[in-house]
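Chemist: Residue numbers (the numbering used here), protein chains in the order written: chain A, 307 to 1020; chain B, 307 to 1020.
Treat the hints as calculated values from the structure; they're not laboratory data.
Fair warning: this is a prediction, and the values are worked out from it, not measured in the lab.
For each residue, glycine too, the CB sits at the ideal point set by N, CA and C.
Any given hint could be a false lead.
[What the hints assert, rightly or not] Pairs of lysine-lysine residues, derived as DSSO-like cross-links and limited to a Cα-Cα distance of at most 27 Å, are as follows:
1. K962/A / K962/B
2. K630/A / K971/B
3. K586/B / K480/B
4. K972/B / K630/A
5. K971/B / K614/A
[Said to hold, decoys possible] So, partial list: chain B residues that the calculated Cβ filter (under 7 Å) puts toward chain A:
6. I482
7. A483
8. Y520
9. P522
10. I621
11. H624
12. I625
13. V629
14. P631
15. T632
16. R954
17. R956
18. P959
19. P965
20. A966
21. I970
This is what each chain is made of:
There are 2 protein chains.
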Amino acid sequence: MILSALLTSVGINVALCLLFLTLFSILKKRQSYAHLYLPRLVSEGKSQLGDGYNFERILPSVNWVKRAWQPSEEELLANSGLDAVVFMRIITFGLKVFRFAAIIGICVLLPFNYMGNQLNIDFTDLPNKSLESFSISNVDDGSNRLWVHFCAVYVFTAVVCYLLYIEYDYISSKRIAYFYSSKPQPHQFTVLVRSIPNSGRSFSESVESFFTEYYPSTYLSHSVVRRTSKLKGLINNADKLYSRLVHLKSENDTQQRFGRAGFMGLYGKRVDLVDRCEKKLEEMEDNVRTERSTLAGKEVPAAFVSFKTRFNAAIATHIRQGVKPTEWTTEPAPDPQDVYWPFFSASFLKRWMCNLAVIVACVFITILFLIPVLVVQGLTNLEQLESWFPFLKGILSLKIVSQVITGYLPSLILEMFISLVLPVMVVLSSIQGYISLSQIEKSACIKVLWFTVWNVFFANVLSGSALYRVNIILEPKRIPEILGVAVPGQASFFIAYVVTSGWTKTVSSELFQLKPLIWSSLKRTLGGKSYEEFEVPSIPYHSEIPRILFFSLLGVTYFILSPLILPFLLGYYCLGYIIYRNQLLDVYVPKFETGGKFWPVVHDSTIFSLILMHIIAIGIFGLKKVPLASSLTIPLPILTLVFNSYCRRRFLPMFKSYPAECLIKKDRYDQSDPTITSFYDKLVTAYQDPAMNSVRYSENSERINSPLLHSAEI
Amino acid sequence: MILSALLTSVGINVALCLLFLTLFSILKKRQSYAHLYLPRLVSEGKSQLGDGYNFERILPSVNWVKRAWQPSEEELLANSGLDAVVFMRIITFGLKVFRFAAIIGICVLLPFNYMGNQLNIDFTDLPNKSLESFSISNVDDGSNRLWVHFCAVYVFTAVVCYLLYIEYDYISSKRIAYFYSSKPQPHQFTVLVRSIPNSGRSFSESVESFFTEYYPSTYLSHSVVRRTSKLKGLINNADKLYSRLVHLKSENDTQQRFGRAGFMGLYGKRVDLVDRCEKKLEEMEDNVRTERSTLAGKEVPAAFVSFKTRFNAAIATHIRQGVKPTEWTTEPAPDPQDVYWPFFSASFLKRWMCNLAVIVACVFITILFLIPVLVVQGLTNLEQLESWFPFLKGILSLKIVSQVITGYLPSLILEMFISLVLPVMVVLSSIQGYISLSQIEKSACIKVLWFTVWNVFFANVLSGSALYRVNIILEPKRIPEILGVAVPGQASFFIAYVVTSGWTKTVSSELFQLKPLIWSSLKRTLGGKSYEEFEVPSIPYHSEIPRILFFSLLGVTYFILSPLILPFLLGYYCLGYIIYRNQLLDVYVPKFETGGKFWPVVHDSTIFSLILMHIIAIGIFGLKKVPLASSLTIPLPILTLVFNSYCRRRFLPMFKSYPAECLIKKDRYDQSDPTITSFYDKLVTAYQDPAMNSVRYSENSERINSPLLHSAEI
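All chains, please: the whole structure from these sequences, using the hints.
Modeler: Encoded structure:
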């Protein structure tokens, strides 16, 4: 790719970004878009926007930037929880790393690269210059200038490791502080017991007798999990019907209250739809009632067991309970809102098969994804595209077309395909048998991360067939060399990718909510079922964290190869900082709270990036005929791994569980709290399946005269 | 190797075995050898042998076999502990497996192998037949007879897995039963706390305040570990002097009581040695006393903390204590007799360096060991030996010489070199930082096992340079093929190895105690320091378990390749059964009790053997041109691994720690035990460093008037 193609891509993206930002700042001020841009405030009743047209309202402004900038970390913590703080720290960590990297890269490495003569590019025609002239490829073979790069690798690694340590330390201390400051929460007092042995009695009796025998003074209560998938289906249908009924009743137009009884309401005699709905709802209530009464017999060998203190819950989690290790297995319970109920109905065998299926599916998706990757590769190499489709020659010879095709299109296509993969990964994680939404999210996050790294980074870098790629793994000795050849060549593609996927994607889809905007506009025009409930979204960690981490991987690996990528990355992180703060404050409501458990993923991924950089550096120093530098780089990945193993020992346990010291202190503090008895009362019913008490009805302010729904709110 | 060479080897070994057995049965009856053959009974005061010469005494007999055969497993358990029972179960497990394998192998596989024509060996001259005619190599390529071998692989794997499951189940239930029946033991109530943070106070105060704060009702006592290596050295010297003094005093010959004061007692004026010793001892006592008084300042940040119940000790082990994961780390304490004290003096960095050094040393030893392996390989291939040393041609042409050289010598040499490696492995394990003798023994056991597997099995099987061997790891696809070619060729060597190392070695060195016998005879003739203490040995698990497991690996891998090995193995296991029972009853005293923790090593090693067999089978079916059988074998290792992962989940946790159920039950039982208060009193001082109370003196019946030694016995 030549410089002008890159500039085209940057130009298109900057224009798009500015357009979206302008539109956003206008639309944000209008009440009719509040459900898109301020859903959180709307749901909390804080949105104060009118819908009148005054002049100020239609002018773009940067007030939202100021608003997003202002809150301190403490305010963010109080507002959105520790996970949001950790999420923002991922971005500030990236900012810190790449601020340093950009200074070194642009001020030191770039001039050295540009001064090289290896590629024999003449200095006069800057726009048509290949981007390679700014990369390490341009440095002469065997030149002493490569020692500058060598030093940069060492210094950069040291700085990143230092920052990683500081950050891990800070977040783990935050985690402890958050725990100390938190109110008593049901999940802190509860363990999930699985594989309750079948002793002839009901599971509920087994649990009761087991825990009263062995934990007589501290056992509080339990709730056995029941197979409620059928009940859930029934309630879901009743829910929908109820919403429709409410909608019908609120309609002023009596015309709409009547419909035809036949197929799709198209023929048959005219009936009062409200009457029909009410009758149906009554039927459904009966069904729900009978289903509920049979539930006692549908116990699953799993139960949530609550204790009087956190410490005792921790004891029950950490120590094996039963003699048989496969029975009475315990694990920390997730928060009641965080529990993923469908899982419990699955048997052990089913879960095992699902796990296997998920692995196969992941492999299959990865292989399938090579097709778009090949297309993208074809687009970046115009010659190849011409040889595939000779009839395109005419169009491709137009300068602007070729620049758009090589600079903008590839990243856009790749980005689109990755968006398709995201929901698939969530579904895969959810059928893997996790018991909480947060675990599913974390698992999907890791899946997407490695999928992105493998399919976007490696598949793009290593040209050739898929088989060739697999063979590399079997030849560990050649990996540095192969990467050293392949990685620098893709620098320009990844710069374009940062601009397209980082800048425009973040602005358009994250801030501007392009897809929901189009969707809601379509619905409004077509007059869809507007009585459907308006739901406040929660931040999709599984798509955002991998993206941020992937950019950090790009930045780290290309730091010595092609420092030109660094300013663009820095731009991305600055944009991201403002946009995500705005989103956390105005749009997203936390669905769960893991207490910063996403950070270890970030740490591991950064260590991986560093080691990948070292391997590439070893390869490239070898290729550039400075074997001494190549050999002297070898200790660096080893030192990084030693550092990582120390961090794992020093910090990771704090993200797994809380220590006895904290638990006992917090328990003692609770003893003096007068509200603890009322908390215990709540705790007893906290882990009832939501299907047992239909929460959704109680949230509505309008009520329907239904004895079922009222009785269910207990 | 031809059949007659094998028979020569078997002949030599059988003759040696009979000789040793005869001598053993004679010498065992004599009082003067009781310290070799009945040390346990001697130490327990049960040895009832006179030293008179009556006729019966000099006749060989098989009474000892009857004596060793009789005791039931319960008696063995009561007599030698669970570890001894598990040790014997390793042998009976081998017996069961190879009884089945021998029936299938000899009755089904061997005839099929012999009937093949692949090797074109004529049927007339049986003694000069190569052993290969009994192996799978003789089956015709592509023959349908190979499906018999294929079925045998599946059936054998199923039977071994079934036996493994039964055995794991049995031993884990034994382990729980042993726990229930055991008396209260200090280590059950105690945890080892390490990395006590330095808070300005002494470590002892820190521990006291930490545990009284967080475990006020259950914390009992603690003893901080102190740096006692210097004190230990002083006491050791005092010990030696004391022994000498006792010896001098008991000497009747007054001549010996006097010696000269000069160098080595060769010149100078005559002095009373007893007086001199007593003076020296007094000096040493002073030194010990001053050293002990300074000990308070030499605290190590580690302490043994005892609790009132087992359950609370388990809580302290399983739950992280301090906020910082690197501080207040806890682990189960070993038994006081099992503690390996020297380790505690080492700093963290020193231990880390030691660990690194151990890895390097292991690699170095492995490489160094290739030299004897190459020598051994040269001996089995006479042609190669002749080409190396042409002058040997004359001698080698003698039939008997060549048969001894190819049949007997190689295994003997290999066996000798392995004996040299054994103590090295123990030393390496002991500097790795384990805190108990049992852990050192287990670690050494695993080291020796893998060393044997790699150096005796793989190094012998894969001819060629060491580099070639490393390259195989990098080409996983070719492993089955390479093993399929190489392994069958070494069948005859391993049969000879079983006979030499299994039969003769076990009989001579284990039962006959050849080395100690020669040593003690030498000492007796030369008149050595006979006042040195007589120590009852404990069973060297690290040398015996790897040997037994290695033979089981040979049996499993050669089961389909060369079933001729199986009768010899069966013979080994039968011999081993009687011999080890005899040794456990009469010779060895258990030094520690792990509660059967060696079994998981046995399980893992057997699974490894099975998978190795599968890989070889895949290779050999491929080579024999039955690709379908080769492909159909592939699921077998996968199924075996699934079985293993189930076993790890089902049984392994029981070998790591005891469950809450057992601990609480046992604790409750203790509450009603009247002796528990006196046990608590003992527990408080149980974990004092032996250097603080010199135990060895108190064991002697004779006393010397020394205030120090008396005061130290508190």
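Chemist: Taking the hints in turn, state whether each one holds.
Modeler: Here is what the structure says about each hint:
At roughly 20 Å between alpha-carbon atoms, K962/A and K962/B fall within 27 Å of each other, so this suggested pair holds. Taking the CA atoms of K630/A and K971/B, the gap is about 15 Å. The hint holds against a cut of 27 Å. Restraint check for K586/B and K480/B: the C-alpha separation of about 52 Å exceeds 27 Å, so the hint is violated. Taking the CA atoms of K972/B and K630/A, the gap is near 17 Å; set against the 27 Å cutoff, the hint holds.
The suggested pairing of K971/B with K614/A holds, with an alpha-carbon distance near 22 Å, which does not exceed 27 Å. Contact between I482/B and chain A, as hinted, is supported at the beta carbon level, the nearest pair being about 6 Å apart and thus within 7 Å. Interface hint status for A483/B: violated, as the beta-carbon distance to the closest one in chain A is roughly 11 Å, over 7 Å. Among the interface hints, the one on Y520/B holds; its C-beta lies about 5 Å from the nearest C-beta in chain A, closer than the 7 Å criterion.
This hint is violated: P522/B has a C-beta 10 Å from the nearest C-beta of chain A, more than the 7 Å allowed. Annotation: interface hint on I621/B holds; nearest CB of chain A at approximately 5 Å, less than 7 Å. A least Cβ separation of about 4 Å between H624/B and chain A falls short of the 7 Å threshold, and the interface hint therefore holds. Among the interface hints, the one on I625/B holds; its C-beta lies about 5 Å from the nearest C-beta in chain A, closer than the 7 Å criterion.
Because the beta carbon of V629/B sits about 6 Å from the nearest beta carbon in chain A, less than 7 Å, this interface hint is met. About 4 Å separates the beta-carbon of P631/B from the nearest beta-carbon of chain A, less than 7 Å, and the hint is met. The interface hint given for T632/B holds, since its Cβ lies 5 Å from the closest Cβ of chain A, which is under the 7 Å cut-off. Below 7 Å, beta-carbon pairs count as interface contacts, and R954/B has none with chain A, the closest being about 9 Å; its hint is therefore violated.
Hint status for R956/B: holds, given a least beta-carbon distance of 5 Å to chain A, under 7 Å. Proximity of P959/B to chain A holds as hinted, the smallest CB-CB distance being about 4 Å (cut-off 7 Å). Satisfaction of the interface hint for P965/B is found here, the shortest Cβ-Cβ separation to chain A being roughly 4 Å, below the 7 Å cut-off. Interface restraint check for A966/B: the shortest CB-CB distance to chain A comes to about 5 Å, inside 7 Å, so the restraint holds.
Among the interface hints, the one on I970/B holds; its C-beta lies about 5 Å from the nearest C-beta in chain A, closer than the 7 Å criterion.
Hint compliance for this structure: hints 3, 7, 9, 16 are broken, all remaining hints hold.
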